[in-house]
Amino acid sequence: MSMEKIVCDKADLIENSGVCALVQDEQIAIFYLPGTGNEVFAISNWDPIGQANVLSRGIVGDLQGEIVVASPLYKQHFSLTTGKCLEDESASVKIYPVSLINDKVVIQ
Amino acid sequence: MKELNVVVVGNGMVGHHFVDQLVLSSIPSIITVIGAETRPAYDRVHLSEVFAGKEPKDLALSTREYYEEKGVRAIFGDAVVDIDRANKCVATQSGRTFSYDKLVLATGSYPFVPPIKGSERKQCLTYRTIDDLGEIKSHAKHSKKGVVVGGGLLGLECANALQNLGLETHVVEFAPGLMGVQLDEGGSQMLRRKIEALGVTVHTQKATTLIDDQSDETALRMHFADDTHLDTDMIVFSAGIRPYDQLARKADLEVGERGGIVIDYHCRTSDSDIFAIGECALYGNMIYGLVAPGYRMAEVAVQQFSDLEEKPSFKGADMSTKLKLLGVDVGSIGDAHGRTAGAITYVFSDEKAETYKRIIVSEDGKRLLGAVLVGDCSDYDTLLQYFLNEIELPASPESMILPNVDGGAPALGAAALPMTATICSCHNVSKGDIFAAIDGGCCSVGDVKGETKAATGCGGCAALLKNVVDDEMEARGLTVDKSICEHFPYTREELYHLVRVGGIRSFDALISEHGKGLGCDICKPTAASIFASAWNDYILESSHVGLQDTNDTFLANMQKDGTYSVVPRIAGGEIKPEQLIAIGQVAQKYKLYTKITGGQRVDLFGARLNQLPDIWKELIDAGLETGHAYGKSVRTVKSCVGSTWCRYGVQDSVGTAIDIENRYKGLRSPHKLKFAVSGCTRECAEAQSKDVGVIATENGWNLYVCGNGGMKPRHADLFATDLDTETLIKYIDRFLMFYIKTADRLQRTSVWMDNLEGGLDYLKEVIIEDSLGIAEELENQMSQTVSTYQCEWKTTISNEEKLKRFRQFVNSKEEDNNVIFVEDRGQIRPASEDEKTKLIAKSA
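Line by line, the protein sequences are chains A and B. Residues in the first sequence are numbered from 2 upward in steps of one, following our numbering. Residues in the second sequence are numbered from 586 upward in steps of one, following our numbering.
Rather than coming from a laboratory, the hints here were simulated on the basis of the structure. Values in this document were obtained by computation on a predicted structure and should not be read as measured data. Take these hints with a grain of salt, some might be off.
Derived EDC-like pairs (lysine to aspartate or glutamate); straight-line CA-CA distance at most 20 Å [said to hold, decoys possible]:
no., chain 1, residue 1, chain 2, residue 2
1, B, LYS1398, A, ASP10
2, B, LYS1389, A, ASP104
3, A, LYS6, B, GLU1399
4, B, LYS730, B, GLU720
5, B, LYS1101, A, GLU67
6, B, LYS642, B, GLU720
7, B, LYS1176, B, GLU1159
Simulated coverage check for chain B against chain A, where a stretch passes if three residues somewhere in it have a Cβ under 8 Å from a Cβ of chain A [unchecked claim]:
no., stretch
8, 1092-1106
9, 1138-1150
10, 1259-1265
11, 1386-1397
For glycine and all other residues, C-beta sits at the position ideal for the given N, C-alpha and C.
Okay, chain B solo, but in the shape it has when bound:
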């Protein structure tokens, strides 16, 4: 196949997805993408999170480098202004022209600003792009009061943003209710009640006729058709979107009566070489204003260039949505208004709990046609599956939404779903895809998430995903044996519980009460870690010593030749020159290979077992202490230099890093724990790649959790914003203890969270809202651990009996003759086998 010259106009979410899919496909093509915005594609759906602490760069879906790497020619900040269909080329504002074989229009949409006199004033803004956010932010600085025009989905998102910016927030809606497209009247009223309780004032049935500056106190006054008025400092229009179809109109492509480029089911416009996808496209007289259908269109369009005999087609898309607006759960499925002929409606409204549920059922009572949920979306997944897969409803459909008084309606069993059922709509993962992942060897929810990306978008399908996976695992007789090893029929979490509740302090007691046999290298270190987390006894107590991995036994890290490396603690990476000199002197004296670590410390390699106590005596005399580099425990708290020295720093990141490191040093956990503290949003300490990351804001600290580097890097999730230091420490205390209590052996925080049913939201509930009522207990356990800290090396070097363990041989002062070093770049390294043979031959 000859290379196809494809030009994509627009680099929004859908335009980017198209490019991405085309790059991933095997279709030979030369791709040019032209975007009018100055930055590459970003996630518009989560725009309002920029006001909750996210940076614009966090929303990026692509980068210039990515396009370059993939051989895509990408042009930003230059709009296409003309299509020359006869010569098959496009021209941009700056006068450049690009020829095409196939042209793809992904020009998106723009916010509709009603034609109101005065709406051109500078305090009147729109909410659509990252640049818009900048405008809103800078106006908000000089405003006390803000109005959003539009009470739809985007309008309420925007109201949330204004509230986050600290403005007195009003919503003005032309229609009688909020979210008129998705909600019926009852749902809309409940939503209004809930968001008014959150401090947002709602004005409905208000048609704005004029915006002027007659107000004495504020910048603007809005006049309404009913002769009332509302004063405000700024206005944001979010009254719906209109497709960007000007380019298509100019080129004489067919457009709809109310706008939108007309496409067929192959996403083709009236010109067979031109395609349109996303919010600029009109399919079946409908604009699909959600991202998922846009993505489907992009995928369909890409396949039209393939050599497939039967090309896939776009057949419309389900517009059901579930979202959190101003913290209120809202769900809408199918025919939410009950417009289908003969439809029967069931409503359950609880004014005390402020929840509203309505289902619309077919005349024969067998099929679900639609649903509205406000305040409680827990039934959404089940209802959506009934709707999408046309599953027959129970004899009394009302049981679907009635509260669970007496067992209630059984949740929809995963087995009842057809293989085509979409489980995760964000990533378009079907039940069949999940089965395929299990066929491929996945055997936990975490595995399946990693393989299919299911439940990693909005996360709304997490519970359903777990049901599907668990159900299928059981059906296949693959019920994963979660026993930690052959000696204990328990998980690590269960063992932790048994140790805590039973007050068990030794392995002998644990195995005689709850296990069998002698133990092994799996359960022994696990038990040792649990004892350390629970009781914090000295890890080299006689009863514990045989349980430890060699690194813990000798309080150093074993290297490939059986020698050890030594890492003193350098809290926060801050070190006095005298201590740095002392470390250098020890390294020089014992001829140790010296390297700076990624955690802002110094690692000394090549120490023989019998040298460890002498080395540590000298380090401790110089005021240093153990760095616990050998333990599954808290390692380092990396920091940038912070406000003390840095021109940009807004908080003392070094001071906080040192305090955090000193608080948690020595804490044993299921796996290693890494922290970082950055003094400003530039994030020089790379806190977002740590288990616990802290980033300074002007008002305090943002807390990120569950990130890691390593084999499968994962960005940390934003957990809480603008915390004072006391609250920050409280949350970290609870977070760490909850992890220690419940994680599996050698499970990093990221995997642990992925496997928690409910994920990040659940974690927030437990840690921030204390939904399990265990916050105080977690804090007490942490303070117990903090108060019993000891430097294990200090304890060890003052104990003659323990030091005997560091002899190379119990009966000789000789050294291990297999440990041989050679020099490289002026320092030692272990000799290779060849080098050893030669050296031995020479000396013989």
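Here chain A stands alone, though its shape is the one from the complex:
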């Protein structure tokens, strides 16, 4: 994706949790963590280990300072800033630049 796209309203987000948006056939998990640097984070919804579209339904938190989501299937942690899996170096998910502009969620 090359151009900026408004995907949803800030009101669609859930504090300290995730939702999923469909953008040009890609499932994107969007997490809203008020009080952290960027406040919104976007990664692919596809769990490469569990092989299902579920990451938006994981629990978010931090491990050793890294902001992560835990897969709801087998509990591996994926960094919301780098997309890397903390438990398995060979696994990672795509990350998307995202920001909150005028109460809209915008993916670049």
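Chain B: place on chain A using the hints.
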């Protein structure tokens, strides 16, 4: 090595242990075991528990199937009557013969009935086998009064049994005191005082001369040498045991003057191909009438058939014992009577608390020679270690038994024990074995118990085991960090306490006051569970929603493809046809895979996230409610059909199961909780494999706790018997709340109990006797939770804002195109990767 043909005569505890050890060893052998009793080996030590609610099958140590599986030829109900040593074969009563290379005699012993005229009357019984128990039970039905002849260990066990059967119980002893072998005079007097207070009448120095039927009121009259008499309806003889050595005598094997088959330190009899073990064997002119030495003999005998160069030997055994007789703690160590020359004695007797302690110390005051404890056995473990390991006593040995007025004597540090010190005598686990288990990766008392079986027999060594484990963990710098995760330096129990005491109701407040960082998938669901247990707020409150595991967030169970399964509550497994039809209709409409669960409910699989609210709306309209299958919470209360329909049922198990399920439904806990209620002792609901199991008796309910199925199945323990329904619920209330308060995260009740110092007995004290004074608080907290129950799905479907969460995409009505089903046996299932690829290729 050629296969050795081994014949074992006798299938009691020791005979079975021998077979078991031989099977486990690498010695090639063909084993035949011949038992005179009609059933395979059972636990004779706990015989009296049959009167307290246990079934004979609970005592079984082996089964016919087990022997069959191990290739052991097992013959029951046929006694060996002859040994032909010349031709090396044995003959049985029924005329069968079996040849042997090696013969092992484990014929045990029989109860000694003194030669008294009249003792052959039908109301005169013995106490030794399960069949004896049946006899005692059936006579007790027509009796009001019972006498036990014999005031030793077995006699008092038997008195306990008669009391449990509701008889006025008397004990008649020939000697001046009770338990003369194990106790000195002072200890014996204290024991008498205590058991008389429990309603058992004790007659000592009574020699019975005649039993006749002169009494007007009762069936029998016992006449004593001092011209007194005692009337009774039945008599049980328990005046000691005699070795079963007739077979050996007939075969001309050497026997002792007062009976017993003479063996050497390899358990070999006077015929080098014949061995004797257990209570029929005489070693060093002594019969070892306890099970532990019998087991040691069995192990020694097995090794004689091995190719070990240096074969292990039996060197006698310590006969120290600790037990509870009629609820009274009694302990005896070593030279309890102080017969060693020059021995010095210290006695402490407290008539108010009714405790008696005596230690016998060597002339130089340095070694413990023996001890007697009555009414309080808390010093037993420490004293036994001093005795067995010959540890030097403190300068004032009396401090060992004096009450802890001012700090008192320090408990024996685990570090002071040598590696050979036996910590658990039931399973013969030494300190070295425990260290080896820690070397192997065990890092908690629970782990070590699982690995070594220590403290899983009588449980008497639990406190000592904990000391040894904790001490060694600390010494190795392995102090286990019990922090739940990097965000909170607390255990779950501590967090629970902080939440309760601080009235904390949100994760933000909890982490800002007591933790750091953002939290994680460990502490967040734990906190959510604690909030739910403590305050029972709606779990999808905005402040709680991000804390929940996906199953709790969406009130359904996520499956491997990201779809969910749905389970409505079917309390006790009872369901109206209309509701069953409604479930079927929903499954049909939404094309859900349908399966019956082990908890007597129906599970509907393959629901997409966005379908969940519609599915639940229809289920709720049909009168169903959420089953909480997604939560770490109370799941199901399985039941059998009970007295309402069943010919054998003695109580309404379905009704009680429904009441229990409705009481505790929705209760959040450290792990899932499963219950069952059986309507009779046939136990069709499998209650003994549940966290809470209830089994009907003719007088009420027996309560079992801390069982589970799963990876490491564990039988539940009998907790209380013959409870009325009100008391049953009260105990379950307290039990569950105490578990919720104190357990670790994801710790099932079984592991939790194993890690409680004091185990089952401690749990009974807290729940039944209210030793911590918290019973009322626990009950109040439970009633608070019960009164604030809500069906989470009902709350959710009436809240538009919450329903937004169940959209697959926030910006689209599309569905997840990776969820693809194929059909199998007429129902859907998730497509495999291969199938998906093919289906996508086809549609493209």
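Taking the hints in turn, this is what the structure says about them:
1. For the hint linking B/LYS1398 to A/ASP10, the alpha-carbon distance of about 16 Å falls within 20 Å, and the restraint holds.
2. Distance hint between B/LYS1389 and A/ASP104 is fulfilled; the C-alpha atoms sit about 18 Å from each other, no more than 20 Å.
3. A threshold of 20 Å between alpha carbons decides the hint, and for A/LYS6 with B/GLU1399 the separation of about 18 Å falls inside it, so the pair holds.
4. Between B/LYS730 and B/GLU720, the direct Cα distance comes to roughly 15 Å. Compliance with the 20 Å bound is thereby established for this hinted pair.
5. Proximity of B/LYS1101 to A/GLU67 is assessed by CA-CA distance (about 14 Å); at most 20 Å being required, the pair is judged to hold.
6. Between B/LYS642 and B/GLU720, the direct Cα distance comes to roughly 17 Å. Compliance with the 20 Å bound is thereby established for this hinted pair.
7. With a C-alpha separation of about 24 Å, the suggested pairing of B/LYS1176 with B/GLU1159 is violated against the 20 Å cut-off.
8. Judged by the Cβ-Cβ criterion of 8 Å, the stretch 1092-1106 of chain B is covered by chain A as claimed, because 5 of its residues qualify and three suffice.
9. Counting residues of the stretch 1138-1150 of chain B whose CB falls under 8 Å from any CB of chain A gives 6; the rule of at least 3 is met.
10. With 0 residues carrying a beta carbon less than 8 Å from a beta carbon of chain A, the stretch 1259-1265 of chain B misses the three-residue requirement, and the given coverage is violated.
11. Coverage of a stretch by a chain is defined here by at least three residues with a beta carbon nearer than 8 Å to that chain's beta carbons; for the stretch 1386-1397 of chain B and chain A the count is 8, and the condition holds.
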